[in-house]
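Engineer: Chain by chain, the residues run as shown.
There are 2 protein chains.
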Amino acid sequence: SPDSKNQTAKKPKVQTGIDTLLPDYKKQLKGKRIGLITNPAGVNTSLKSSVDILYENPDIKLTALFGPEHGVRGDAQAGDEVGSYIDEKTGVPVYSLYGKTKKPTPEMLKNVDILMFDIQDVGTRFYTYIYTMAYAMEAAKENGIPFMVLDRPNPQGGNHIEGPILEPEYASFVGLYPIPLKHGMTIGELASLFNKEFSIDADLTVVKMKHWKRKMDFDDTRLPFVLPSPNMPTVESTFVYPATGLIEGTNISEGRGTTKPFELIGAPFIKSTELEETLNSLHLPGVTFRAASFTPTFSKHQGTLCHGVQLYVTDRDKFEAVKTGLSVIKTIHDLYPEDFEFLSTGSFDKLAGNGWIRTKIENGTSVENIINSYEKTLQQFSKTRKKYLIY
Amino acid sequence: SPDSKNQTAKKPKVQTGIDTLLPDYKKQLKGKRIGLITNPAGVNTSLKSSVDILYENPDIKLTALFGPEHGVRGDAQAGDEVGSYIDEKTGVPVYSLYGKTKKPTPEMLKNVDILMFDIQDVGTRFYTYIYTMAYAMEAAKENGIPFMVLDRPNPQGGNHIEGPILEPEYASFVGLYPIPLKHGMTIGELASLFNKEFSIDADLTVVKMKHWKRKMDFDDTRLPFVLPSPNMPTVESTFVYPATGLIEGTNISEGRGTTKPFELIGAPFIKSTELEETLNSLHLPGVTFRAASFTPTFSKHQGTLCHGVQLYVTDRDKFEAVKTGLSVIKTIHDLYPEDFEFLSTGSFDKLAGNGWIRTKIENGTSVENIINSYEKTLQQFSKTRKKYLIY
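So the protein lines, in turn, are chains E and P.
FYI, in this note's numbering the residues of the first sequence are 1 to 391.
FYI, in this note's numbering the residues of the second sequence are 1 to 391.
It is worth saying that the hints were derived from the structure and are not from the lab.
One or more hints might be untrue.
Because identical chains cannot be distinguished in the list, a pair is counted as satisfied if it fits within a single copy or across any two copies.
Within a straight-line C-alpha distance of at most 25 Å, the following computed DMTMM-like cross-link-like pairs (lysine to aspartate or glutamate) qualify [said to hold, decoys possible]: (1) K10 to D315; (2) K323 to E375; (3) K383 to D339; (4) K271 to D203; (5) K383 to D317; (6) K318 to D219; (7) K141 to D201.
Just so you know, these numbers come straight off a predicted model, no measurement behind them.
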């Protein structure tokens, strides 16, 4: 009935970079050939794609499009190579930045005067789009082209920082730079930090959002959420991701192949009630666990009944994602030592950004001890981070 | 930060039937042997399963458990047979009501004095749990056993009724009785209507919720949402289901095999931008469409790139689900006549509850005409419905 307050009908509170770009930067862009790195989550407050906004603007010459993992139109499954092609709607060439070439080549940039980046990040270090951005900033620098980042909210809000700082020898495409697992920065702030702290030194402009406050999570912004990749369906997914994303480095299912990836986790050898009770007895802040069974339709344990838990973030401010993730992994390791395994691929260490967290878990060290080990470097980062905060 | 209002940390506003059962019905239940029909969504406000609540209560003798589609612990994929077994945690026998036997047999009820039903419905006629309830009510009547329904909120709220009334010759397990596609009733109210209007005549008790108001949708209740089946992951899914659930009767993917079933719909032969623009030009109330591509990991078009749209319900009060669903199907039929098909299985007619909606679409009739054709019978139902409203 009309009087019922309705969550979805309210006007967005925040304007993202693409909403503010054309009024604020019309002069700088006029007559320039624009190369845009984006994916389906690059939309304005009324869900219009940045590609179409720029393509339809008479003052803008859109000459190249670049797609990260899952492609410009977001139709590739995790891990699939995304080839180069012509965008049907605009006729503009689309280059893939996820296959062999992760970095725009001079050839791809030959018709580009300004390289623009508009992708929704999720605020967790091992989510690859921020490294697509870093490589593109390097290419812009090398080819003498200015780089513009259209800023977007961090879905988890802008206050929490948590987790170990990546150690350089563990750098990979799921963690290029020494930043914490949960960085609490917007993509524009991160671009400034990358540019200065890791000496990319590109001619960088961050197109700011309007009305975004650090305490806002994505729901608070009332912007429509577009899934930034096939297995990141909701804002809730972004909150549990820094916790259960680490599980990708083990033989436990992180819920890929279900409709609630990263919220449902389990394995055939787990007793869901036992895991639920053990985890709830830890009284981890802002989260509760529900015994749950599920059958993944692809990825780990495909077609096999798995038993585990669903994470319920009951208080997004109190929730400590990394502490929760480490506690879940340690608990399963300790309860099922014969069955639990870190994957031999070494992916856990790449996700954690070091090799000692795995060994500490293997040696039965407490989660508190693990967290204390990286507290100092996290505080140091926090000081560096402050220099780059825009909001 | 502490001052940020936090959606998930607030206390639930509503108590469901399982929360009110033991204080209010302790006397009637004392010493009786209870048979409970439930699934993982049968939890109290703190996510404790009704099975455990009844099993752990010294005054209650839980002697049998009955599982609907997907089973008591919710671990079977849609359509899989759920066999009979012993519940690990309680040692109580579990009988399946989804395989060959959809109705509890006298044998299954031999140790049962009261048959209890606690399952979260989603408010749409072709969601099967309400028919599991109807069969169980018949069995209770035939075996001289009282039947208790622990009431739960209708996730879509209690005001909207919409869609065609089922015509008896199209009755099936996805539609047993002449009720509309979207009935706006709680499961307890529906049990009373079934019992009287369709002469089941069981000794029925509805254990009422406390503090639920008809204008509340599930988010407004602040209860934790437990997915009632593997492809109904969020409250948003329940809102789009009466619209895109109809698509199951066509060769279009209704989004099974993605992380957003019923929100993402598409097919290999659709042009997503063309469909987005055509649907948005209809200015359907309370909904907008975003061009989207996806690759289902199972079910229709498995492994094949599909193009279509994502539905965004922008105003849950104004949204007309059935009108939207019919408009989507008609639009795709009209835009892609060579490729679009109603499935030869006749499933569309079973979901719609009649044979003439399909033929009207095939003959190019307008959606308004289709809706007008069932307006009268819908109003008649609305009068009948009023007699059974509890809140």
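Engineer: Are the hints correct? Go through all of them and say.
Structural biologist: Do the hints match the structure? See the list:
1. When the C-alpha separation of K10 and D315 is checked against a cutoff of 25 Å, the pair qualifies both within a copy, at 23 Å, and between copies, at 8 Å.
2. Taking identical chains as interchangeable, the C-alpha atoms of K323 and E375 lie at most 25 Å apart only when both belong to the same chain, with a minimum of 12 Å there against 56 Å between chains.
3. In this homomeric assembly, K383 and D339 never come within 25 Å of each other (Cα to Cα): the closest approach is 41 Å inside a single copy and 59 Å across copies.
4. For the homomeric pair K271 and D203, neither the shortest alpha-carbon distance inside one copy (54 Å) nor that between copies (38 Å) is at most 25 Å.
5. Taking CA atoms no more than 25 Å apart as the test, K383 paired with D317 passes inside one copy only; the shortest distance there is 21 Å, against 47 Å between copies.
6. For the identical chains of this complex, K318 and D219 are neighbours both inside a copy (17 Å) and across copies (21 Å), given an alpha-carbon limit of 25 Å.
7. In the homo-oligomer, the alpha carbons of K141 and D201 lie at most 25 Å apart inside one protomer (7 Å), although the nearest pairing across protomers, at 78 Å, exceeds that limit.
Violated hints, in rising order: 3 and 4; the structure is consistent with all others.
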